[in-house]
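Q: Here are the chains, one letter per residue:
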Amino acid sequence: MSEVGDRMFCHACGGVWLRDESGLTCPHCASDFTEIIEIPPEETHDDPPELEPIDRTSPHHFNPLDPLADHNPWARPESPEERGEYGDSFFAGGGSPAYSRRLYRSPDGRFTFSSTTIGGGSSPHPGGGQPNPLVPMMVQSLDMIFQGLAETYNHQGHQGLSEDPSHMGSPGWGESHSPRASAPPGAEGLFPRDANAPQPMVPPVGNLAELLDAFRTDFGAPRRGGIRGPHVMTGPNPLAILSTLFNADHNGDAVYSQEELDRVISQLVDQNVNGTAAPPASGTAIHNLPKKKIDQQMLGTDGKAECSICMEAVDLGTEVTVLPCTHWFHFPCIEAWLSQHNTCPHCRRGIDSAGGTGAGTSENPVVIPDSPEQVAPQRRRSSVLTVRSGRSSRSAEAREPVSRRTSRSDNSHGGGGGGISGWVWSRFGGSS
Amino acid sequence: MGSQKRIAKELGELVQSPPDGITVELADESNLYDWKVHMEGPEGSPFEKGRFLIKLTLPTGYPFKPPSVSFATKIYHPNVTNDDKGSMCLGMLRPDEWKPSSKISAVLEFARQLLAEPMPDDAVEGRIAEQYKNDRKRYEEIARDWTRKHAT
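Those protein sequence lines, which keep their order, are chains B and Z. Each residue of the first sequence is one higher than the one before, counting from 1 in the working numbering. Each residue of the second sequence is one higher than the one before, counting from 1001 in the working numbering.
It should be emphasised that the hints constitute simulated quantities derived from the structure, not laboratory data. Quick caveat: nothing in here was measured; it's all calculated off a predicted structure. Just so you know, even glycine gets a beta-carbon here, dropped at the ideal spot from N, CA and C. Any given hint could turn out to be false.
As the list claims (entries may be wrong) - A few chain Z positions that, by computed beta-carbon distances, are all more than 10 Å from chain B:
no. : residue
1   : G1044
2   : N1082
3   : S1101
To be verified - Pairs of lysine-lysine residues, derived as DSBU-like cross-links and limited to a Cα-Cα distance of at most 35 Å, are as follows:
no. : chain 1 : residue 1 : chain 2 : residue 2
4   : B       : K304      : Z       : K1036
5   : Z       : K1065     : B       : K293
6   : Z       : K1133     : B       : K304
7   : Z       : K1055     : Z       : K1009
8   : B       : K304      : Z       : K1137
9   : Z       : K1085     : Z       : K1049
10  : Z       : K1149     : Z       : K1005
11  : B       : K293      : Z       : K1103
12  : Z       : K1036     : B       : K293
13  : B       : K291      : Z       : K1103
14  : Z       : K1049     : B       : K304
15  : B       : K292      : Z       : K1065
16  : B       : K304      : B       : K293
17  : Z       : K1065     : Z       : K1049
18  : Z       : K1103     : Z       : K1133
19  : Z       : K1099     : Z       : K1065
20  : Z       : K1055     : Z       : K1085
21  : B       : K291      : Z       : K1055
22  : Z       : K1137     : Z       : K1149
23  : Z       : K1149     : B       : K292
24  : B       : K292      : Z       : K1049
25  : Z       : K1055     : Z       : K1065
26  : Z       : K1009     : B       : K291
27  : B       : K291      : Z       : K1099
28  : Z       : K1009     : Z       : K1036
29  : Z       : K1009     : B       : K293
30  : Z       : K1055     : B       : K304
31  : Z       : K1074     : Z       : K1005
32  : Z       : K1133     : Z       : K1009
33  : B       : K304      : Z       : K1085
34  : B       : K291      : Z       : K1065
35  : B       : K304      : Z       : K1103
36  : Z       : K1085     : Z       : K1036
37  : B       : K292      : Z       : K1085
38  : Z       : K1099     : B       : K293
39  : Z       : K1005     : Z       : K1099
40  : B       : K292      : Z       : K1009
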């Protein structure tokens, strides 16, 4: 363990070195604005062999700028005996589980992070304890699914997307990945590339949403004839669910990415520019307002009148739109206002109140924009006049894709439950 | 859009028959949306004899969106922010209270009325509002002093 020691990072020049070798001050720029990058002690085992830095023995020699550039302390064991050994020593009580670690490194070597995956094996290890039988089964099934996906891809000639999960990362990030123990038989295809050898040219994938879209597009195409291996296309496409989770299609209520959160927040901010002002009226409600030609009575005593929105004089015979409160305006003028607020620009009475009765009665309450009462007249309008308010129609649209998805999954399962639970059932509880 | 026609009309009316103590002009002849307003402090108020420059800005959505009023001249008033913006808080200009049938002349007359009668419960400068309510004499002293210093 002392062989690894603490890594140091220089905030001034970005250099990386080992604390044991060069101390706390940057050996490159002599800056003392440095940080100790602590390597957490390995708790899952006390097996020193993997921790031995390979660069000591490998032909790649020590690079002062990045001593860990070729460092791969978790190189895959060479011989099957060794594998078995690891399996034993790591998981004495388990059933030969898969245990792998990935080390990601940025192109300039300045940042690294690692991820560890622990999965159950497919068969109980002889002499081992009794593992939870569900775990290996699920892991194996997942492996099979992803292998199946990968095969689908290879069959369709998609060079850009193979089973190598490293393509999910942004281009330019190196990855070394090394399993430490035997993996389930079904997961052989998931073994990583050799990080020390030249890699096949792979066009970069822009972002996760694109990637998922690409998967989904393929599943939509009826080209399933040549697929070998596990049948992964039953039920709703798991990637469709995944992409919904990541909001690749912008209709979910929940968000899982910063980008989406920003979008939702800015949308909320936009909606609230008007504060507690009255909500917009629906297009139908605006167009259903009665129109009338200006008569002598409407002109008033001095024989003149103007539309109080554009302040243009209105002549006898001009067609105007009359609100339930009897205030009238040019149609384009009142349309522009009502599409922002559903109240009369003069007296603020809601345009959805039934005409005739005066404002303030129980039959025709005054709509105070920021009062909860506002809900009531809207509801009445939608039931009596069967005109949907802007709000309800929006939410109906938002719900639609969800119901579509549900019905699709229902079809494919013959009513055996939809959504993720149905998919899980079909994978783990059904024919598999 | 129709808003320019209305703005031009309102400007014409205000120039032809200006309300008491208020004169308006465009800050830039080619831009109808930025107005320069000179307002005389109402008689009997500590702002009397002061001449305040007010910037009136109309949004492109006018008259569907409210104009904004800010004092370019420093003024000691509970309803005007004591910063370089000098924003005036007018209830009728709040988005939820604005009505497109309100005219700019009404806005300006309302603003001038607010100089004479501050609304300490709707204040943007709480300290001045407190003083206005509890120590009217001192408030008027400072306001008069500021008027003499900045608005004459």
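Q: Now, for every hint given, state plainly whether the structure supports it.
A: Status of the hints after comparison with the structure:
Every CB of chain B is more than 10 Å from the CB of G1044/Z (nearest about 33 Å), matching its label as outside the interface. Distance check on N1082/Z: its Cβ is at least 24 Å (rounded) from any Cβ of chain B, clearing the 10 Å threshold; non-interface status holds. The beta carbon of S1101/Z is not kept farther than 10 Å from every beta carbon of chain B, the shortest such distance being approximately 4 Å. Between the alpha carbons of K304/B and K1036/Z the distance comes to roughly 31 Å, so the proposed pair stays at or under 35 Å and holds.
With a C-alpha separation of about 28 Å, the suggested pair K1065/Z and K293/B falls inside the 35 Å cut-off, and the hint holds. Proposed proximity of K1133/Z and K304/B is contradicted: the alpha carbons are some 46 Å apart, above 35 Å. For a cut-off of 35 Å, the pair hint linking K1055/Z to K1009/Z stands: about 19 Å separates their Cα positions. Between the alpha carbons of K304/B and K1137/Z the distance comes to roughly 49 Å, so the proposed pair goes past 35 Å and is violated.
Between K1085/Z and K1049/Z the alpha-carbon distance is near 23 Å, which keeps this suggested pair within the 35 Å criterion. For the hint pairing K1149/Z with K1005/Z, the CA-to-CA distance comes to about 39 Å; that exceeds 35 Å, so the pair is violated. Straight-line distance between C-alpha atoms of K293/B and K1103/Z comes to about 25 Å, which keeps the hinted pair within the 35 Å bound. For the hint pairing K1036/Z with K293/B, the CA-to-CA distance comes to about 39 Å; that exceeds 35 Å, so the pair is violated.
With a CA separation close to 25 Å, the supplied pair K291/B and K1103/Z stays within the 35 Å bound. Taking the CA atoms of K1049/Z and K304/B, the gap is about 39 Å. The hint is violated against a cut of 35 Å. Pair hint K292/B plus K1065/Z holds up; C-alpha atoms about 27 Å apart against a cutoff of 35 Å. Pair hint K304/B plus K293/B holds up; C-alpha atoms about 14 Å apart against a cutoff of 35 Å.
The straight-line distance between the Cα atoms of K1065/Z and K1049/Z is roughly 33 Å, inside the 35 Å bound, and the hint therefore holds. Distance hint between K1103/Z and K1133/Z is fulfilled; the C-alpha atoms sit about 31 Å from each other, no more than 35 Å. For the suggested pair K1099/Z and K1065/Z, the alpha carbons sit about 8 Å apart, so the restraint of at most 35 Å is met. A distance of roughly 10 Å separates the Cα atoms of K1055/Z and K1085/Z; the hinted pair therefore holds under the 35 Å criterion.
Taking the CA atoms of K291/B and K1055/Z, the gap is about 39 Å. The hint is violated against a cut of 35 Å. Among the hinted pairs, K1137/Z with K1149/Z is consistent with the structure: their alpha-carbon atoms are about 18 Å apart, no more than 35 Å. Distance hint between K1149/Z and K292/B is unfulfilled; the C-alpha atoms sit about 57 Å from each other, more than 35 Å. Restraint check for K292/B and K1049/Z: the C-alpha separation of about 51 Å exceeds 35 Å, so the hint is violated.
Pair hint K1055/Z plus K1065/Z holds up; C-alpha atoms about 17 Å apart against a cutoff of 35 Å. Of the supplied pair hints, the one linking K1009/Z and K291/B holds, its CA atoms being roughly 26 Å apart against a limit of 35 Å. Restraint check: the Cα-Cα separation between K291/B and K1099/Z comes to about 22 Å, which is no more than 35 Å; the hinted pair holds. With a C-alpha separation of about 16 Å, the suggested pairing of K1009/Z with K1036/Z holds against the 35 Å cut-off.
At roughly 25 Å between alpha-carbon atoms, K1009/Z and K293/B fall within 35 Å of each other, so this suggested pair holds. A distance of roughly 33 Å separates the Cα atoms of K1055/Z and K304/B; the hinted pair therefore holds under the 35 Å criterion. A threshold of 35 Å between alpha carbons decides the hint, and for K1074/Z with K1005/Z the separation of about 33 Å falls inside it, so the pair holds. Between K1133/Z and K1009/Z the alpha-carbon distance is near 40 Å, which puts this suggested pair outside the 35 Å criterion.
Distance restraint check for K304/B and K1085/Z: the Cα-Cα separation of roughly 41 Å exceeds the 35 Å cut-off, and the hinted pair is therefore not satisfied. Taken as a hint, the K291/B and K1065/Z pair is honoured in the structure, with Cα atoms around 25 Å apart against an allowance of 35 Å. Proposed proximity of K304/B and K1103/Z is supported: the alpha carbons are some 18 Å apart, at most 35 Å. Restraint check for K1085/Z and K1036/Z: satisfied, since their Cα atoms lie roughly 15 Å apart, inside the 35 Å limit.
Using a Cα cut-off of 35 Å, the hinted pair K292/B and K1085/Z is violated, with the two alpha carbons roughly 46 Å apart. Among the hinted pairs, K1099/Z with K293/B is consistent with the structure: their alpha-carbon atoms are about 24 Å apart, no more than 35 Å. For the hint pairing K1005/Z with K1099/Z, the CA-to-CA distance comes to about 18 Å; that is within 35 Å, so the pair holds. Taking the CA atoms of K292/B and K1009/Z, the gap is near 26 Å; set against the 35 Å cutoff, the hint holds.
Of the numbered hints stated above, those contradicted by the structure are hints 3, 6, 8, 10, 12, 14, 21, 23, 24, 32, 33 and 37, listed in ascending order.
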